[in-house]
Amino acid sequence: MRSTVAALLSKELTLEWRTRESVPAMVLFSIATYVVFHFGLDRDRVTGDLASGVLWVTLLFAAILGVNRLFVAEYEQGGFDGFLLAPVDRTALLVAKALTLFLFLCIVEVVAVPAFALLLLGPPLTQALPELVLVLLLANAGIAVLGTLVAGLAIQTRARDLIVPLIALPLLVPVLLAAARCATPLLQDGGAGALPADWLAILAIYDLLFALIAYAVFDFLLED
Amino acid sequence: MRGSSVFAVPDPVPALALRGAGRRYGERAALRDLTLELEAGRTLVVFGPNGAGKTTLLRMLATLLRPHAGEVSVLGHQLPDEGYAVRGRVGFLGHEALLYRELSGRENLRFHARLHRVGVQRVDEVLDAVGMTARCGDPVAELSRGMVQRLAIARAVLHEPDLLLLDEPLANLDPAAAAQVAPLIGAGSGRTRVVTSHDPAGGLRGADLALGLKGGRVALLAPAAEVDPGQIAELYR
Numbered sequence: 001m002r003s004t005v006a007a008l009l010s011k012e013l014t015l016e017w018r019t020r021e022s023v024p025a026m027v028l029f030s031i032a033t034y035v036v037f038h039f040g041l042d043r044d045r046v047t048g049d050l051a052s053g054v055l056w057v058t059l060l061f062a063a064i065l066g067v068n069r070l071f072v073a074e075y076e077q078g079g080f081d082g083f084l085l086a087p088v089d090r091t092a093l094l095v096a097k098a099l100t101l102f103l104f105l106c107i108v109e110v111v112a113v114p115a116f117a118l119l120l121l122g123p124p125l126t127q128a129l130p131e132l133v134l135v136l137l138l139a140n141a142g143i144a145v146l147g148t149l150v151a152g153l154a155i156q157t158r159a160r161d162l163i164v165p166l167i168a169l170p171l172l173v174p175v176l177l178a179a180a181r182c183a184t185p186l187l188q189d190g191g192a193g194a195l196p197a198d199w200l201a202i203l204a205i206y207d208l209l210f211a212l213i214a215y216a217v218f219d220f221l222l223e224d
Numbered sequence: 001m002r003g004s005s006v007f008a009v010p011d012p013v014p015a016l017a018l019r020g021a022g023r024r025y026g027e028r029a030a031l032r033d034l035t036l037e038l039e040a041g042r043t044l045v046v047f048g049p050n051g052a053g054k055t056t057l058l059r060m061l062a063t064l065l066r067p068h069a070g071e072v073s074v075l076g077h078q079l080p081d082e083g084y085a086v087r088g089r090v091g092f093l094g095h096e097a098l099l100y101r102e103l104s105g106r107e108n109l110r111f112h113a114r115l116h117r118v119g120v121q122r123v124d125e126v127l128d129a130v131g132m133t134a135r136c137g138d139p140v141a142e143l144s145r146g147m148v149q150r151l152a153i154a155r156a157v158l159h160e161p162d163l164l165l166l167d168e169p170l171a172n173l174d175p176a177a178a179a180q181v182a183p184l185i186g187a188g189s190g191r192t193r194v195v196t197s198h199d200p201a202g203g204l205r206g207a208d209l210a211l212g213l214k215g216g217r218v219a220l221l222a223p224a225a226e227v228d229p230g231q232i233a234e235l236y237r
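Protein chains in written order, with this note's numbering: chain A, 1 to 224; chain B, 1 to 237.
What the hints contain is simulated information worked out from the structure, not anything from laboratory work.
Idealized CB from N, CA, C, for every residue including glycine.
Check the hints yourself; a few may be wrong.
[Stated by the list, open to error] What follows is a list of derived Cβ distance ranges for each label pair:
#1 193(A) x 84(B): 29 to 39 Å
#2 44(A) x 137(B): 29 to 39 Å
#3 37(B) x 20(A): 22 to 32 Å
#4 209(A) x 175(B): 51 to 61 Å
#5 120(B) x 21(A): 50 to 60 Å
#6 142(B) x 21(A): 28 to 38 Å
#7 126(A) x 142(B): 46 to 56 Å
#8 13(A) x 85(B): 26 to 36 Å
[Unchecked claim] Derived coverage of chain B by chain A (criterion: at least 3 residues anywhere in the stretch with Cβ under 8 Å from a Cβ of chain A; other residues may be distant):
#9 21-31
#10 37-44
#11 105-118
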């Protein structure tokens, strides 16, 4: 399966590099939203739970843009049929798409998180950065797996742009909640607090749970 | 002694065996009660007006659609349960090229070659065979329809399938291009073929069995040599 995932991932990254359809839109959306928060809250700086909430809600909505586009090339250009005709493990498509979304989210955050720190965040980011990166990676994994599952489900429908947020957002609430709770002490005034281990564990368990669910049901989404 | 005409024995398992096969889209039956057998190495040509069920039949044989009625056996394997054993042995050429527009022809074929575990030298072979070596680096979006069709044919035969499922394979091809791809997908390719066509004379040429569909039902099923092109024309009235 590894070589199939590598072939699919390589194709995904090449297509994104050529079309630049997903990542730039996600980055611009994130920055624009932080600007809106900056003026909407009428504050130069936010801290603690408010900062954490603003950071994660924005990243979550940006992720929805990427989820919406995840299977569009497959659907519109016959990629599903091409893949289904090959003698390969169908789970490879789930893994490759989830890895693609995970990488897209990481790239977006490389730009969006510094932009957030510049536009809104009160305390300096540097002190909390290693812990924040850990939370970002865990949340990205959850969003990527669940987003791939929802995208695979929605692409077969006519109203996929509506279906994706309607299904994905409620299912991603636990990821948002756990990620926001994890990040809150890291974004406090007066130095970063300790990372809450219980919320970090919840985030990891949720990732694992949805990875197992996606593994179990993804083949059925590809079936006629 | 393989290949000897003296000792050659026909494969006892037909390449295709359908008994009462059917397929619905919701309440509408796209294909009903289709029964036929096709020996390995033979060609079945399928005629019928738009919406007759030709594409549905091809997609069912390619494992892309599940049969909803009857029994369907492809290359000795029952569908849909043994579909995994059929995938990779079928070359499917449908109305869509199954190529990514932003990738070049070569990149598309290399991608499919990796999925089918085919060596990269085979990509160059098929590109040469369809006459696309010179333009294989161009994005598919920048190619003419005929060129895209040639690449689609290259994709369909890339993994040297046992069964070719060809939906109007010569659409968009000029006569020279059609002649160029004939060794790959024509009757001389030596593969079992199911070909849809709207050209009675051209379709019957090189075919062993002719199937006429109308409204998803079998309107004609006979050895191709016994079918008059006028009978095919009747299907379209």
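Looking at the structure, which of the earlier hints fail to hold? 1, 2, 3, 5, 6, 9 and 10
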